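So the chains spell out like this:
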Amino acid sequence: MECMIARPSKGSAGKTGLWRTFKPIYDENKCNNCLLCWLYCPENAIDVVDGKISIDYDYCKGCGVCAKICAKKAIEMVREDEL
Amino acid sequence: MECMIARPSKGSAGKTGLWRTFKPIYDENKCNNCLLCWLYCPENAIDVVDGKISIDYDYCKGCGVCAKICAKKAIEMVREDEL
Amino acid sequence: MVVVKIKDLPKEKFLLPGNTSCQGCPHALGLKSLGMALGDDVVLVVPAGCTTIIAGSKDKSSFKFPCLHVPFASAPAVATGLGSAFRRLGKKGIPVVWMGDGGSDIGFATLSGACVRKDDMIVIVSDNEAYMNTGIQTSGTTFWKARTTTSPTGKREEKKDLALIMLMHKADYVATASVGYLQDFIGKLRKASEIDGFRFIHLHSPCPPGWGFDSSETVEMARLAVKCGAWILWEFDGKFRISPMSKPYADKSKRAPLTEYLKKQRRFRHLSDEDIAEIERRIDEQWRVVLALEDVF
Amino acid sequence: MVVVKIKDLPKEKFLLPGNTSCQGCPHALGLKSLGMALGDDVVLVVPAGCTTIIAGSKDKSSFKFPCLHVPFASAPAVATGLGSAFRRLGKKGIPVVWMGDGGSDIGFATLSGACVRKDDMIVIVSDNEAYMNTGIQTSGTTFWKARTTTSPTGKREEKKDLALIMLMHKADYVATASVGYLQDFIGKLRKASEIDGFRFIHLHSPCPPGWGFDSSETVEMARLAVKCGAWILWEFDGKFRISPMSKPYADKSKRAPLTEYLKKQRRFRHLSDEDIAEIERRIDEQWRVVLALEDVF
Amino acid sequence: MKKVLTGNYAVAEAVKMARTEFIAAYPITPQTTIVERLAEMVEKGELNADFVRVESEHSALAAVYGASAGGLRAFTATSSHGLLYMYEMCWWVANSRLPVVMALVTRTIGPPWNIHTDHTDLLTLRDSGWILAMSENAQEAFDLTLIGFKVAEQIDLPFAVGLDGFQVSHTAEVVDVPEQSEVDEFLPERRRNKPFVIEPRNPITVGGLTTNECTMILRREMNRDMEKVGDLVKNAGYVRDYDLVERYRLDDAEYVVIMMGAWCGDAKDAIDVLRDEGVQIGMLRLRFVRPFPAEEIAKLDCKKILVVERDCSVGKGGIIATEVKSVANSPVQSVMAGLGGVDVGVDDFVSMFRRFVKGELGEWWL
Amino acid sequence: MKKVLTGNYAVAEAVKMARTEFIAAYPITPQTTIVERLAEMVEKGELNADFVRVESEHSALAAVYGASAGGLRAFTATSSHGLLYMYEMCWWVANSRLPVVMALVTRTIGPPWNIHTDHTDLLTLRDSGWILAMSENAQEAFDLTLIGFKVAEQIDLPFAVGLDGFQVSHTAEVVDVPEQSEVDEFLPERRRNKPFVIEPRNPITVGGLTTNECTMILRREMNRDMEKVGDLVKNAGYVRDYDLVERYRLDDAEYVVIMMGAWCGDAKDAIDVLRDEGVQIGMLRLRFVRPFPAEEIAKLDCKKILVVERDCSVGKGGIIATEVKSVANSPVQSVMAGLGGVDVGVDDFVSMFRRFVKGELGEWWL
Amino acid sequence: MILSFGGQGGVTAARLLSIAALNEGKYAQAIPQFGAERRGALVRSFIRISDRPIRRHSSVKNPEVIAVFSEKILKIVDVKANTVVINSKQPKLENGRVYYVDASSIALELNLISAGWPIVNTAMAGAMAKVFGFSFESLKDAIEQTFSSKLAELNVQAAKKAYEEVKEWSA
Amino acid sequence: MILSFGGQGGVTAARLLSIAALNEGKYAQAIPQFGAERRGALVRSFIRISDRPIRRHSSVKNPEVIAVFSEKILKIVDVKANTVVINSKQPKLENGRVYYVDASSIALELNLISAGWPIVNTAMAGAMAKVFGFSFESLKDAIEQTFSSKLAELNVQAAKKAYEEVKEWSA
Ligand SMILES: Cc1ncc(C[n+]2csc(CCOP(=O)(O)OP(=O)(O)O)c2C)c(N)n1
Ligand SMILES: Cc1ncc(C[n+]2csc(CCOP(=O)(O)OP(=O)(O)O)c2C)c(N)n1
Ligand code: SF4
Ligand code: SF4
Ligand code: SF4
Ligand code: SF4
Ligand code: SF4
Ligand code: SF4
Ligand SMILES: [Mg+2]
Ligand SMILES: [Mg+2]
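Protein chains in written order, with numbering that gives the first Met the number 0: chain X, 0 to 82; chain V, 0 to 82; chain L, 0 to 296; chain Z, 0 to 296; chain P, 0 to 365; chain E, 0 to 365; chain Y, 0 to 170; chain R, 0 to 170.
Calculated from the structure, these hints are not laboratory results. In this text the structure is predicted, and so the values were computed from the model without any measurement. What you were told as hints is all true, and nothing was included just to trick you.
Residues from chain Y shown here face chain P by an in silico Cβ test under 8 Å; the list is partial:
(1) Ile-18
(2) Leu-21
(3) Tyr-26
(4) Gln-28
(5) Ala-29
(6) Ile-30
(7) Pro-31
(8) Ile-53
(9) His-56
(10) Ser-57
(11) Ser-58
(12) Lys-60
Note that beta-carbon positions come from the ideal geometry of N, C-alpha and C, so glycine has one too.
Assemble the whole structure, with the sequences as input and the hints as a guide.
And the structure:
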């Protein structure tokens, strides 16, 4: 039976950061800490650390939702291979 | 396959007149030909013959609906064994 | 509203006498009316239920329409297929699903699916407020507090309002009807037959053995339900209207006393005064909603 | 209405990063919100759908709540059994059915049955308007004229209005929500959790690959649906109310242009001007009904 | 204590005495009176259980699945079309290894609509991982229901108790009912933690995607565990001893009849008649179809075996006969009889068995 | 004409060329692309049929049942849980003797959820009166679909074409597609009047209550008619000849392998390897499970038979092995392999067959 | 075999007699007609009684005793058996042994009526118990087990009366 | 074997090459990765090509040729085969034979983009067709059968370009 039971694990699909074509780049200076990006990141890949946000690039899939929702344009999507 | 196919037949349950405990007795004289009994007989055991009604006792189950619905009290329910 | 005169009704019988229905059977009343209304345009699709038995057995059918027996949950979907066949093969006729309230429980997804697709059929739920064929078990439409063999102390949930639910499904035609008012029912069937798409009629069908009243009172019980306001006749054919037979009872003072309806039935014999007051409250609420819907749709 | 402030939301993650959801997945947004709203009171019941995949595989679960996978049509009934176990064994928790719109097609009888019984659960239909997991096929809630792989020229039937149908079922709590307004959704979940019985939330979930828009636009698309009036947020908790985020759009002049919403989606690329006009007409009609219902319930 | 109970009431009584905690079922003839009786017991407070009036059989077993996954002792009952309608759930429950008990009142599958007994419905479960028992009378229906809970909870496989529609389900017979204390001892309160319990704050996920190998291992384990059921039944410690099969006048039998269900009683009476005539005939009655009592059949050392069965696998013939042939070491003849509830009584069996002995019996008895 | 088609597209192509009039189906992996392709064909006007987007598999087959009862040529397709969900309807259609054709893309039954192939789902139909074919590749999936309509309409039994999920359904292969004119000649327009047609003004009632004897006679007739299917397939007059079984290097075989489905191709490659080593081994491939090719198996005269199968009847073992044993005249060994889609390739078969020959093979291959 | 119309209580009578038989130290089976009953339609119920456990479950083909709950039944069924027990004031029936009792009047007297029908089952059970040679106590206990206390009392009276009044007919 | 990310079109490339193989008078099989695909996740597709009908349906275990649709794949998969065809300007890869083509640039140039991804399938199919020794006509026909006429043209261009530009790498 054990093999039919799963337990909470980050990265159940592996390091999904590899799926990215675009990477969200965060500019702390523009940020007003509204946390909208944190709330709306579908991947739950954004953490709040001391009121600031922090993106977990191991898992961030690069969907771009955070960049879109940020009124302050504090997140920018940049092509992975241009990095 | 034939034995899975049925065709229209009166008395699919036999002579259901035998089910009766009470028998509807029709009094032509009281009748105003409203045909409500004909419309509401659940068994479809009432026919209209020349504007008058006629009860098919072979199948009438003696439910008493016709007697109840007749405003003219032209149908009376009588115990079968008292007949 | 199509006005139906008794004298004009056809004399041909589509439900044949001598079938297995119990004395005073409401389904029998409904089925004979169906024949009067639509005659041999009807092709019956019948899922499991009392009507399975009424339909006859062996080589004897109680119907003068074609009739296809189908599994309990499947009827509207079968009608979809049949309708397609009639249309493609150029045969004039209407698939009519005749099902019990039980059929609308287990088959509710099927019913909903056919309605959402607006498939071409008339669905009639002949609602005797329980699974009668298997011996009076609670269904979704069983009346609140009614006793059944699976609710021996009375049902705890409210009666499911099939017709309003189908209205919210945007069915092409929806109506409630009653075996106490067959001319109204026949008129609604005829109206439904003139509309294309998915048409639904919720027929109120008091059942003597199932509810515990004398077989002579089927029609009276059905009428009492309307007169006390517990069953509201209405019709939606693009416009929502309360039907003439129910109209007077919008005025609560015109309604027959609720106890008259309830006390005649064995299934309600245990009701307390509070229960009856609660039922009355719910009836008032239902009227409020239905009257409001007349303005909305 | 429960007011939810972002800063107050818990930081614990119940949907774990690195799962199989596509980029910009609306279900993922819904599931993370569920965790924020109800935390570890949640026991998830998940029928087949994208969420089956998102849930993880082998020994790895993407959820920090318990989760039981169940057959496609069965979820609310399974929740009934689970709820009974929690109650009898004195365990505090809520069975939460998380299903797709497809699950509410095949499982509509199950859903309806659980609702009529007022069984203790929260049901969330995360509606991405098609069967996505099997590759974008038409469901009952697919938008009129939207293209799917089984409706390559556009769906011909209207979107099934699940929430209004559940309202007519007399569910104890009914609301619509959107992944574009997560605070509203979280508030509704919390409200629902305070009510006993059967609670239903219809969550609007725009899906990037399924609808054909860029993964960055999930939230925007969801909001556009609300802003153009095509998706109306409301809540019934005994009283029917249009939610604040939708309120302004009762006034048609305040609505965003419909084309903005439609033209961004590949599934609507083929729409004619008449189609769009027809959609607008239907939206107006829906608003008329919903506004009227505010007075009725 | 001896009571007069129909098979269905006997099952309901056993479910009550097992202190079942959760019941969900949907009416269908001839199972309905089980559900009705249980509803009554619950509403009268004779049984402290949740009784759910579901809207279909699929939901009946789904609710039972949820309750069992949540840790409750759970029961359902159905027949024929009801079973087919919950068929998906049957597989799901078995593959989840949940110890659910179900009464299956056998009934013919339609069309034509037919409410009478035939064993085809029960046999549709034979691949699925359900333990399948078939009772001969109300007493066995009672006993096997209790044994069912015990064995199912020991081995984590669901258990179906078959009883013939009407012939057992509706026939009132004398049943010896043990004391509640005896039952309590036999069947302790169930507080399961295996194979898993779904509960708040215990974040496991059950039933999701796995590797192909995992699926295959799970099936192999089910098959292996099913093989242990015979011993569990034998050693159940119930007030009466049970076994996968019943041996009737078998010791010196040259002719062996293999059958299952209510009509075995009639067949035994017929065997007595033939025995009186000097024919060495006996019966191996299958009390279980799963696990299949292969060993017991392989051990039969006789002139020939006759399998009489109430089912037909269209395009292959008698289902039990096929299985018997696959393991028997004596020649096997197959007869399909009593399908659709066709009555087969003592006289029929007498002449059937005579013809069998003479080698004059065809494959269909009608 | 040769085309590159997946198994699913091949089926859709065949359904189109059969001029099917009614299609209702519900998506499920790995069957979905059949439905999608058919929807596209209908909407593009390539196929003049009604396509109904039903809300479940039960309704899919119910709609198909209605259409077929109304006289149309009708088709559906499903897999695994979809089949189980329509299971009640499957029996209803068969017992109604309606010539419906269904593609069954085989897939493992859950839990755990698993979309890969395994033949347990197909085999749940083996008692029900469906003709059951299992194709080895896209070509056969195409051919058997067309033959399915022909035979079903000749004998009034429904026909299921099995094809392995992904391995055949999603693998694009070269398929030789006949001309439409050839298909039209093979499969004339269907205007049925048997076994019955439901139509307005023809007041027959079908499927209602009957006598028990009637039910039993109907089953006996189904069984009898099923036995005629072998000849109908052989004499179908299709552009290629077909038979219930395929014989591969069987003439002088001392060791015979019995299998069905996509992996038979791998097994044949393995047989070639063993043949090169001098082992006299061959294959009897089951192209049909119903009717069961009992005669062909009984005729096998060899040292031993190996049945390799992708299924398990829990508590009994390999389903096909049981059936083979019930009719074979040579010793039979059973192996269950590839359940849940576990990959079994040429190398596996080579070592499996070697061990079989040496008598060193166990019952499970994992 | 009991012949009755649906609603007359033939099935219940069969059950009562089985319990009574058990009380008499015998084995018994009560078998209802298999199938759908409709109020008003003819119903056949069967009882098997034996000193040894009863194994067979097939239908009863040649009943030794037939109980006829209504004379009207004679119009549709050709009643022939070793012994017949009939609800009648004056049976018009050719048969070996015929016992009769006016069960309808007994029921009506005690107001055992449902939907216009006299419920004759307990009275007829009383008559049959007598014919079978059961003690009245055995039947009384069966009735008390089966009915709620209020109903039980009336039904015991009915059974008692019939038990005492049933007579063999000699034309 | 083709290694691609979901959305890059690996499955389509495999199909195109099978049709091309048929056009070359060969037998072929295109096998997608069995399972649920997600946009962005790694996908394996297989092609079998043979002069005789292909009977086996099991998965391909030791592919002779591996096509790599994105260099990023090298980070997660250990690519080893007789021959590798890679979408790259300058492959960093240790292997027997390595062919390379800048399929991404070809796709971008022709504006073959979906959701931010260059759709490199036809270009890579072109490169592979060349490596397999197929005539370009065979592949062109396959593309024309598969895509609508408008799309076909662009894709034929992409394939053509790659067919011409693909080169063997020598470090
Ligand atoms: C799948 C399935 N489940 C259960 C049944 C048993 N069954 C037959 S009729 C019936 C009840 C019918 O109730 P309803 O639809 O209300 O019709 P009524 O008998 O009241 O007319 C049931 C539960 C069945 N035939 N099939
Ligand atoms: C009985 C049954 N039929 C079909 C399927 C196949 N199936 C799995 S998921 C799915 C679609 C799910 O759609 P939806 O519920 O809308 O969820 P989504 O994938 O869109 O999140 C289907 C049809 C199944 N698992 N079981
Ligand atoms: S949305 Fe923008 S402003 Fe707000 S927290 Fe995120 S990065 Fe900062
Ligand atoms: S790009 Fe998407 S996944 Fe990555 S942090 Fe932003 S919202 Fe989250
Ligand atoms: S008593 Fe009933 S059945 Fe007889 S005629 Fe009157 S209404 Fe009809
Ligand atoms: S209801 Fe009365 S008055 Fe009217 S037709 Fe019948 S008998 Fe005559
Ligand atoms: S139980 Fe009621 S609905 Fe059913 S046949 Fe009898 S009267 Fe009619
Ligand atoms: S298809 Fe849509 S709903 Fe499904 S996982 Fe992808 S984004 Fe989410
Ligand atoms: Mg009903
Ligand atoms: Mg969806």
